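For this one, chain A is given, so just place chain B on it according to the hints.
Residues per chain are reported as follows:
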Amino acid sequence: MDKQRFLAELRGALSGLPRVDVEERLAFYGEMIDDRMEEGLSEAEAVARTGPVSRIVSQTVADIPLSTLVRDRFLPERERGEKRARSEGSESQGRRRSGATIALLALGFPLWLPLLVAAFSVLLSLYITVWAVIVSLWAAGVGLWAGGLGGLAGGAFFACMGHGWQGLVLCGAGLVCAGLAIFWHFGCAALTRGAAVGTKMLFVRRRRAK
Amino acid sequence: MDIQLKRGLLDVCVLAAIKNKDSYGYRIIKDLRPYIELSESTLYTILKRLESARMLTVYSVEHAGRLRKYYRITPTGARRIKDFLTEWEEVASIYRFVAKEDRHG
Chain A
1 MDKQRFLAEL RGALSGLPRV DVEERLAFYG EMIDDRMEEG LSEAEAVART GPVSRIVSQT
61 VADIPLSTLV RDRFLPERER GEKRARSEGS ESQGRRRSGA TIALLALGFP LWLPLLVAAF
121 SVLLSLYITV WAVIVSLWAA GVGLWAGGLG GLAGGAFFAC MGHGWQGLVL CGAGLVCAGL
181 AIFWHFGCAA LTRGAAVGTK MLFVRRRRAK
Chain B
1 MDIQLKRGLL DVCVLAAIKN KDSYGYRIIK DLRPYIELSE STLYTILKRL ESARMLTVYS
61 VEHAGRLRKY YRITPTGARR IKDFLTEWEE VASIYRFVAK EDRHG
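Residue numbers (the numbering used here), protein chains in the order written: chain A, 1 to 210; chain B, 1 to 105.
Next up, chain A with everything else stripped away, as it sits in the complex (with noise of 0.2 Å):
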């Protein structure tokens, strides 16, 4: 892939992140590739190894506080003075458009609050939910740790007072829930990092390529 294609296609993916950010980062990934390229190594190398582009894409959406997601997400103005300033129509008849919604949306109020309202609501529930999940996950690995070392325990206290079998059993089961315990610590950590840039996903807004 050459530079020009890589940055074309990272910049449709960073496409719903604050402009500020994705220009900043096209500008260090493309100083990055030059001066690869100017050490010896060719276009394509240069490229392949400044890494993938979904993986700087979940870096960056990682990177840049939900805070900022929010506020790009729903107070684009800047963008739309933009794309007022953009159109065809004059500013008068920007003023008697916004004057117009305005007068809509007052009109509409009893019948968009309750709905609004309720899609908050819903979309709230779901994220208490995912996230209710995830602890509920965390919680199942705490207890499988306590099971590996309540096993073990369990298990030796058998074994001194002489029931070998019953304590080699009961330590058998607490080694199977340490380990176990292991591979799940390592899937939640997993689990709440997707979750967590999932989140930030939902704020991203998506742009439409030029």
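These aren't lab readings, by the way, just hints derived from the structure by calculation.
Please note that a few of the clues may not be correct.
25 Å max Cα-Cα, derived SDA-like pairs, lysine to any residue [unchecked claim]:
{"no.": "1", "chain 1": "B", "residue 1": "30", "chain 2": "A", "residue 2": "55"}
{"no.": "2", "chain 1": "A", "residue 1": "3", "chain 2": "B", "residue 2": "69"}
{"no.": "3", "chain 1": "B", "residue 1": "69", "chain 2": "A", "residue 2": "20"}
{"no.": "4", "chain 1": "B", "residue 1": "48", "chain 2": "A", "residue 2": "133"}
{"no.": "5", "chain 1": "B", "residue 1": "48", "chain 2": "A", "residue 2": "7"}
{"no.": "6", "chain 1": "A", "residue 1": "3", "chain 2": "B", "residue 2": "48"}
{"no.": "7", "chain 1": "B", "residue 1": "30", "chain 2": "A", "residue 2": "130"}
{"no.": "8", "chain 1": "B", "residue 1": "48", "chain 2": "A", "residue 2": "100"}
{"no.": "9", "chain 1": "A", "residue 1": "3", "chain 2": "B", "residue 2": "68"}
{"no.": "10", "chain 1": "B", "residue 1": "6", "chain 2": "A", "residue 2": "190"}
{"no.": "11", "chain 1": "B", "residue 1": "100", "chain 2": "B", "residue 2": "75"}
{"no.": "12", "chain 1": "B", "residue 1": "21", "chain 2": "A", "residue 2": "27"}
{"no.": "13", "chain 1": "B", "residue 1": "30", "chain 2": "A", "residue 2": "53"}
{"no.": "14", "chain 1": "B", "residue 1": "30", "chain 2": "A", "residue 2": "63"}
{"no.": "15", "chain 1": "B", "residue 1": "69", "chain 2": "A", "residue 2": "202"}
{"no.": "16", "chain 1": "A", "residue 1": "3", "chain 2": "B", "residue 2": "43"}
{"no.": "17", "chain 1": "B", "residue 1": "69", "chain 2": "A", "residue 2": "30"}
{"no.": "18", "chain 1": "B", "residue 1": "6", "chain 2": "A", "residue 2": "196"}
{"no.": "19", "chain 1": "B", "residue 1": "48", "chain 2": "A", "residue 2": "201"}
{"no.": "20", "chain 1": "B", "residue 1": "21", "chain 2": "A", "residue 2": "30"}
Note that the structure is a prediction, hence the values are computed from the model and not measured.
Below, chain B without anything else, positioned relative to chain A:
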């Protein structure tokens, strides 16, 4: 390694890489390579964090017909390195004590 600890270490590594001479992204990655492997996206995040914390400043210089961003350490950044060295001197002395006790045990 603890994430916060690693983050702190990486910040200081990048500051050290620009301590004696202003540097640019690719150069920083190359200078740090013998000690720590940094990806571009990680470096970008660190540089932005350090810039927000006013530990470094950024300026552009024309190079081979294009603009290249250079990073310069600020007095706050230099102080961060000094603090790091002091803190880690304490950590090293605790480490020596723990290692000694462990050997004797």
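Here's how the hints hold up against the structure:
no.: 1; hint: B:30 with A:55; in the structure: 21 Å, holds
no.: 2; hint: A:3 with B:69; in the structure: 18 Å, holds
no.: 3; hint: B:69 with A:20; in the structure: 16 Å, holds
no.: 4; hint: B:48 with A:133; in the structure: 34 Å, violated
no.: 5; hint: B:48 with A:7; in the structure: 20 Å, holds
no.: 6; hint: A:3 with B:48; in the structure: 23 Å, holds
no.: 7; hint: B:30 with A:130; in the structure: 42 Å, violated
no.: 8; hint: B:48 with A:100; in the structure: 43 Å, violated
no.: 9; hint: A:3 with B:68; in the structure: 16 Å, holds
no.: 10; hint: B:6 with A:190; in the structure: 18 Å, holds
no.: 11; hint: B:100 with B:75; in the structure: 38 Å, violated
no.: 12; hint: B:21 with A:27; in the structure: 22 Å, holds
no.: 13; hint: B:30 with A:53; in the structure: 22 Å, holds
no.: 14; hint: B:30 with A:63; in the structure: 23 Å, holds
no.: 15; hint: B:69 with A:202; in the structure: 32 Å, violated
no.: 16; hint: A:3 with B:43; in the structure: 20 Å, holds
no.: 17; hint: B:69 with A:30; in the structure: 11 Å, holds
no.: 18; hint: B:6 with A:196; in the structure: 20 Å, holds
no.: 19; hint: B:48 with A:201; in the structure: 21 Å, holds
no.: 20; hint: B:21 with A:30; in the structure: 23 Å, holds
The structure fails hints 4, 7, 8, 11, 15 (numbered hints given earlier, in ascending order).
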